[in-house]
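The listed protein sequences derive, respectively, from chains A and B.
Take the first sequence: its letters are residues 15 to 353, numbered as in my numbering.
Take the second sequence: its letters are residues -12 to 167, numbered as in my numbering.
Treat the hints loosely; a few may be bogus.
Partial list, derived from the structure: chain A residues whose beta carbon lies under 7 Å from chain B [as the list claims (entries may be wrong)]:
no., residue
1, Glu19
2, Glu63
3, Leu128
4, Tyr129
5, Ser148
Non-contacting residues of chain B with respect to chain A, defined by C-beta distances greater than 12 Å in every case (computed) [as the list claims (entries may be wrong)]:
no., residue
6, Ser(-9)
7, Tyr(-8)
8, Thr2
9, Leu9
10, Ala66
11, Ile152
Quick list of the computed label-pair ranges, beta carbon to beta carbon [what the hints assert, rightly or not]:
no., chain 1, residue 1, chain 2, residue 2, range
12, B, Val5, A, Ser50, 16 to 26 Å
13, B, Phe25, A, Glu137, 44 to 54 Å
14, B, Phe21, A, Ser20, 23 to 33 Å
15, B, Val5, A, Glu301, 49 to 59 Å
16, B, Ala0, A, Ser353, 28 to 38 Å
Just so you know, these hints were derived from the structure itself, not from any lab.
Just so it is clear, CB atoms sit at the ideal spot from N, CA and C, and this is done for glycine as well.
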Amino acid sequence: MIFFESLYIKVFVNIVVGGTETLVYIESYSGKGVTSLREESFDTLRVNEKMATFIEKYADETPFCYVSVLDYSPSQGAIPTCSKNKISEYRDMSDSEYKCQDSKWTNYTSKTDLYETQRHYQEIGVDFIFSPFSVLAHFFKDKIDGRVAAFVLVEEDFISFAVFSKSELLYARRMAMKSDHIMEEFDASDATMDLDLDLDIDDAIDLDSVNVSDDMDSLDDFGDIEDLDSLEDIDEFSESQDVEEEFYQETDEELEQEDDESFSEDYQRFSLVQSSISAFYKDDKYESEFLENIYIADAVGVTGELKRYFEEEMYMNAYVRRISLGAEVSELARLEVLS
Amino acid sequence: MKYSYIKPRAKNAITPEVKLVLTFFGMTLLMILFTYAFLLFKDYAFERDLSEIKRDSASVKIKLTQMKEQIVFIEKENALAQGVQTRNLVLKDSITNLFDLVPSRITLSQAKLDKNSLILQGVTPNKDVYNFMLQAPLRSIFHRTYSSFYPTENGWLSFVSTNYIDEESSTQEEEPISEN
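Extracted from the complex, chain B is given alone in its bound form (with noise of 0.2 Å):
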């Protein structure tokens, strides 16, 4: 104030179209911010769930690996269950086939299956019923038979049959099947 006896009165540069103007671009502006903020928390909770999935799909890999793992363990398991059975229905079959041999006359004591033997004890009233009835039928199984006897006070003999399947000789005659 050099000259004037007076101080100008306070001049506002924010008019009422100034702030109506200034209102408009803040809320775009803030729009702007917002829609930006909002952008980057949902590229930051995208990159997260990102990394979360890659973990989680590592997991499931390792898991799926596992679980092929297991599933060639079970597939063995099961095949040697499967085995297993087989052959517990080959020496049910056996077993049966066994005691349908032995004729009525003679009486088993002790009977003893094993994979290549068979040992059989019992009585029998003589000799020839056990060669003729049961040392027959097995030696046309077993490839090696051997029988010995020993009295019994009551007259009738008791008897031990040891029977051997050769495994050379097994193998030989399963040869020709399985190429069948």
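Next comes chain A alone, as it looks inside the complex (with noise of 0.2 Å):
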């Protein structure tokens, strides 16, 4: 059987859900490598015809095809142990869905929205269901083994963030940009579906209710932190690169194109990590350290203005890194098929 999966390529398809659209990433991979990739967005939610028609055009060229989905759910996590007593310490996970990694870390994601994403997807099938937390570990994998910094995945409706510390996750947090429209969406396009959804409701954060100004409150917590002096060895936070990063850089013309808008919406990614570090120093449950860096994983296309919140409002040096979800997810999908 063997010889047999050997005589033939693998596929991988990758969904990526992300505002009202649905990335489509196809890998074709045989034993020399990614022979050819392809990538479409399509302007749904849910698995039309189109949809359908261009996953299956790839996948019917071999049995070994693989559907991969990004976790979109909004009742997902992670904490910081693996071992199953501790894990109760932080949360209730009866009605979760849970895997350890590298057995420091758990992520976890609702029961119900994983057996709902594979419901949506049961006409073309899923093989797997990453985390993004999974995604974030494995894209900085180079970064998260180093001195405590935080890793931020922002996506078009969430944003995961983590704190790890030599490989160790000291803190996470799944935060939804909007209200959870993914999930109200397809409850909408699927009227038929009496499936009670257990959105998680209380780990998102709705934008209208935080208050900047109350974060920006408990930033003066960091007086306290003595390491903070420590900052005054760096120079100029706008300046500082990291060689080995992918930065994504804008142009000033490009940064006079963006519109208030996206820099409303970096502004309350930045409002949303920074409450999450606030959370970080504050909850006595995690072990908190202090924040010098933060990595940037942007699947959006955020502006200048992030990065310059957080060198500028919280001292850190920030480093944007662009990131194909749809590659990434891939990536872990080759992982699980090839090792």
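Taking the hints as your guide, dock the two standalone chains into a single complex.
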């Protein structure tokens, strides 16, 4: 059977839902490596005929077609332990599916949302569902094993925030940019669906309720942190660059063209991350360490303002690296299949 | 399953197309194997028949030799039979001639014919009848002729005539004939 399998190419179909679009990223893989890749966006959150035709066109090439979906459940997150005894200290996992990563930390998601995701894609079938935190950890695998740093995955509707120190997860949080409209749209498009989605709205943050001034007040607590004095060694945050990083640098012209909405969204993202950092510092459950660096995986095209917010308002070294979620999900799928 | 929440669906490398190809090649292979087995069997049967034929051939050769020997023997027997028949014919003629030689006035009581001799016993009215009518022809045939007489009660004479043909003389007489 392995002999037959080696004769076939493997097709990885990767589905990433964001905003009002669904990105389908397809990679064909043979023993020599990736032989071809296709990417197409569809203005739908469900599998319509056009999307199904597009996927089946490549899926029919081989029996070894793996469909991966990036989990878009708002009720997901990660906790800094794999011990079943300690997991309950952070969260009640009775309604959640969870998976230990590297025997160090655990990512989880709602079982209901997991089944719902599988049901949504039952027409084409689903082989893998990945957590954004797995994507984030894999994308910054060269950084998470170093000193303590914050890592952010910026998606269209969600922000996944995590703090890693020497590959150990210290804190993680999943935040919704807007209301949980993705699941709502799924509900709206499937009127016959009686499934009661268990949306953990408590974990999502309604931007309307975010009081930036309150969060800014919380930053006053930073004054109590002695390590902040070491920031004096850092001359210009805006000039901080890591040569290993692929920066997303925008030209001044591009900055001028960006509209206020983009700045507003970036400020919202900054605010969410800022509140998460504040929660990380304040929550006694988590082992807090002072964060100097923040690594941002940008899947939507943030403006340079986001980087500037972190540098000027939180005195952090911010590094922005563009990420193709489809490619990253595909890489995880490859790791699952080929390892 | 390192990262995914769910396990992938089972993948089957044997697609309907592969099944069709495998079936085709399988049947072809089976046919080749069947043909090979058939040829092996036929080869075995041929070898078996060949050995049987060789064995039969050897047997037939032995029988042929025996039959040739039998033919030679039968031919010899036939020649011998023909010789005996010829001799019997000659003997029959000789006996017929012998009895033709005996005149009516002489009565034979015993005749003993041998290869080179003839012994006659009988009665004759007198010696003259015997000498002129029987002994004269016998002497022309045999090399040596001996006669003895003794009287009977009725006045006739019983006689015993012993006649011999000499072997050497008969051979010498036959040689010129065989040369001719």
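Margin query: Using Cβ atoms and 12 Å as the threshold, tell me whether Ala66 of chain B really stays out of contact range of chain A.
Written below: holds (87 Å)
Margin query: Quick check on Ser148 of chain A please, does its C-beta sit within 7 Å of some C-beta on chain B?
Written below: holds (4 Å)
Next item on the list: Measuring Cβ to Cβ, find out whether Thr2 of chain B lies farther than 12 Å from everything in chain A.
Entry: The claim breaks: Thr2 of chain B does not keep its Cβ more than 12 Å from every Cβ of chain A (closest is about 5 Å).
Next item on the list: Measuring Cβ to Cβ, find out whether Ile152 of chain B lies farther than 12 Å from everything in chain A.
Entry: At about 111 Å from chain A, Ile152 of chain B clears the 12 Å cut-off, so the statement holds.
Check: Given Glu63 of chain A as an interface hint, is the shortest Cβ-Cβ distance to chain B below 7 Å?
Finding: violated (22 Å)
Check: Under the criterion of a CB-CB separation shorter than 7 Å, is Leu128 of chain A in contact with chain B as hinted?
Finding: holds (6 Å)
Notebook entry, point to check: Under the criterion of a CB-CB separation shorter than 7 Å, is Tyr129 of chain A in contact with chain B as hinted?
Noted result: violated (10 Å)
Notebook entry, point to check: How does the Cβ-Cβ distance of Val5 of chain B and Ser50 of chain A compare with 16 to 26 Å: does it lie in that range?
Noted result: Since the Cβ atoms of Val5 of chain B and Ser50 of chain A sit about 22 Å apart, the hinted range of 16 to 26 Å holds.
Next item on the list: Mind checking the hinted window 23 to 33 Å against the Cβ distance between Phe21 of chain B and Ser20 of chain A?
Entry: Given about 31 Å between the Cβ atoms, the range holds.
Notebook entry, point to check: Between Val5 of chain B and Glu301 of chain A, does the C-beta distance stay in 49 to 59 Å?
Noted result: holds (54 Å)
Next item on the list: Check the following: the C-beta atoms of Phe25 of chain B and Glu137 of chain A are separated by a distance inside 44 to 54 Å.
Entry: This hint holds: roughly 52 Å between Cβ atoms.
Notebook entry, point to check: How about Glu19 of chain A: closest beta carbon in chain B under 7 Å, or not?
Noted result: Hint holds; Glu19 of chain A Cβ to chain B Cβ min 5 Å, cut 7 Å.
In the structure shown, a violation is registered for the earlier hints numbered 2, 4, 6, 7, 8, 9 and 16, in ascending order.
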